[in-house]
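Single-letter residue listing:
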Amino acid sequence: MKKHTLSVMVENEPGVLSRVSGLFSGRGFNIYSLNVAPTLEKGVSLMTIVAEGDDQIIEQIVKQLRKLVPTIKVKDLTEMKSVEREMVLIKVNAEDSKRAEILRIVDIFRCKVVDVSVDELTIEVTGDQGKIGALTSLLTRFGIKEIARTGNVALQRSMQIDL
Amino acid sequence: MKLTGAQILLKCLEKEGVDVMFGFPGGAVIDIYDEIPKSSVEHILARHEQGAIHAADGYARATGQVGVCLVTSGPGATNTVTGIATAYMDSIPVVILTGQVPRALIGNDAFQEVDIVGITRPCTKHNYLVQDIEELAVTVKQAFYLARSGRPGPVLVDLPKDVMQQIGEFHYPETVEMRSYNPTQKPHVGQIRKVMKLLKKAKRPLIYSGGGVITSGSHEELTWLARNLRMPVTSTLMGLGAFPGDDELFLGMLGMHGTFAANMAVNNCDLLLAVGARFDDRVTGKVDTFAPKATIIHIDVDPTSIQKNVSVHVPLVADCKSALAALKVESEASLDDHDWKEDHREWVDQVQAWGKEHPLTYKDDDVVIKPQYVVEKIYEITKGDAIIATEVGQNQMWAAQFYKYTKPNTLLTSGGLGTMGFGFPAAMGAQRAFRDKLVIDIAGDGSIQMCIQEMMTVVCNKLPVKIVILNNGYLGMVRQWQELFYDKNYCETCLDAQPDFVKLAEAYGAVGFRVTEKKDVESTLREAFAVDKPVIVDIRVAREENVYPMVPAGASLTEMLLV
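Sequence order for the protein chains is P and V.
Numbered per our numbering, the first sequence spans residues 1 to 163.
Numbered per our numbering, the second sequence spans residues 1 to 563.
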């Protein structure tokens, strides 16, 4: 079982999200995250779907997505060089005694503090799964009160070489 | 020209060449019904929306054209869902027009409102809610195009009542432009050559032909290839009729109730050419042991069918017709220098020997009427020149096994979904398409009661469908499973309380016959088939007859229970 990031370009028409999500639930595929928003092209939306499965299942998912009538293009970004990012908002316990340490971590990870109160900080972080995983595990010991994640967004790299 | 939505809809149907639709009116579609008398499109009033959708489906299966069904919102729409799923599983082109409450009321739980687009999303090829009269003509055009192109299927168009009342300009688009939908048609040349190479190398090739051969109209290409390259053919239930059932190279159906020869051939072939078939679990049995010695080539227009259940060696995404035609062209040149007949002689002899070793058979009886005997008689009397519809269960399997289909589009059966109640209304749709043909529904006493109300439709529309009930007083297929795998616990499968089918036929104004003795089977069938009216023939058959061969669910194809 491996996570694959799929970039799915669709006609931005009513029900298209439901067609995609229904495909996953109806066929028993696992969806890890899904992000969707309009592109610059009129009437076209881009979905970034992270799905889990073995090769045969991922192949079926890609084909089934292509088969949906409003689907324009499907790319499995895991099979090519791509940039993947997720944005996460984390509200963490931050009493006076812990605050300095948390701010140091924020600094190291190059994140931003976007809200602050007497005993909490809200941190905005952008990065790939590795960075976000590392940050959340570091912050866990302070007590993460809430977390909101966008799910991955991704684009194929223009040059398919290792940078 | 300014027209109402309802007028535009009917103009679109005329442009699409629709001559008949099956439907049932209601509040949300009165505006459409108001225009029907002024249109060239005939409407046949079913007695239940399920009957209407199955009839449209039967019409499509028999003609290869798109079937059309018109129903109202809410319950009218939901009653078509079983029929839509039936058409979807078997890739049948149907356009379903459903009424919807006026746009302002959508989402308000209005009277007879249901989100039919949401409900049918997973069982249609695509569906639409028409939001404005400006979109209407384009949507209908797309719906027909989607229904019949690529891998065909049902397409639903939901029509709010006030859109049908809106006034707009009518332009019917000449062509369809959809950047997101381009079904692959032509086969990849490299793959065709690769297949040809494999065919030449194969010593024990087998064609596994499915419904896609019929849908794409490639039965002639298939037959040519099989005969000239001397390759035996086995068929799925959906594919019966694509290759002549009386040909010496035909092995019969494969799978759970397939023939000994077909299943043995699958198990021993060194090359399996799957055409327009989808490796359904009823066909493969245990997947791991399916065609273990074969290089598998899979031709299908739908890429999702390929590598879904069985991993194949050579995928070939294309419309079956163009793929088989390309193979024909490639192989024509080889006929002179490659002795196909000699190459496959041993193999053909072997599969034919299997056929003789365990032919399709049953223990006949002098007194009790065996259901298989009835189907054989139907075949004899009609000489195979009839359209046969079936219900679902034992009747369906016997109809598949003991009637030889020699032409495509002559067996109408719910293969994928297995919908009881399908056969009779489907026969009605086929009879409307071919008024002069003999159309027979081979039914069971359970299934026939699921859409029996359409008796009124066939009587008043003078559609002389013949229903032959193989009446065993059981839900026979479930009873068979209970007998074989559930210690004969015949829970809720005994239907010995049943209507008098003869009187029932008469009550509707049709003709009824009952046969209780074997000697009367043939004469009564002949008499029934000669009547120019709808007929029910109630034949009391052996109650606990089983369908054999049978591969238990999940077992390998070679683990057949034989007679």
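Heads up, a few of these hints could be off.
Stretch by stretch, here's where chain P covers chain V in the computed footprint (C-beta under 8 Å, at least three residues) [as the list claims (entries may be wrong)]:
hint: 1; region: 112-123
hint: 2; region: 258-268
hint: 3; region: 402-416
Straight-line Cα separation of at most 25 Å, PhoX-like style, residue types lysine-lysine; simulated pairs [stated by the list, open to error]:
hint: 4; chain 1: P; residue 1: LYS63; chain 2: V; residue 2: LYS186
hint: 5; chain 1: P; residue 1: LYS73; chain 2: V; residue 2: LYS141
hint: 6; chain 1: V; residue 1: LYS194; chain 2: P; residue 2: LYS63
hint: 7; chain 1: P; residue 1: LYS75; chain 2: V; residue 2: LYS186
hint: 8; chain 1: V; residue 1: LYS328; chain 2: P; residue 2: LYS67
If you're looking for bench data, these hints aren't it; they were derived computationally from the structure.
The beta carbon of each residue, even a glycine, is placed where N, CA and C say it ideally should be.
Evaluated hints:
Given as covered by chain P, the region 112-123 of chain V passes the check, having 4 residues with a CB less than 8 Å from a CB of that chain where 3 are the minimum. With 0 residues having a beta carbon nearer than 8 Å to a beta carbon of chain P, the region 258-268 of chain V misses the requirement of three or more and the stated coverage is violated. Three residues within the 8 Å Cβ limit are the bar, and the region 402-416 of chain V against chain P gives 0, so the coverage statement is violated. Restraint check: the Cα-Cα separation between LYS63(P) and LYS186(V) comes to about 18 Å, which is no more than 25 Å; the hinted pair holds.
Distance check on the hinted pair: LYS73(P) and LYS141(V) sit about 23 Å apart at the alpha-carbon level, within 25 Å; holds. Taking the CA atoms of LYS194(V) and LYS63(P), the gap is near 23 Å; set against the 25 Å cutoff, the hint holds. Straight-line distance between C-alpha atoms of LYS75(P) and LYS186(V) comes to about 23 Å, which keeps the hinted pair within the 25 Å bound. Straight-line distance between C-alpha atoms of LYS328(V) and LYS67(P) comes to about 29 Å, which puts the hinted pair past the 25 Å bound.
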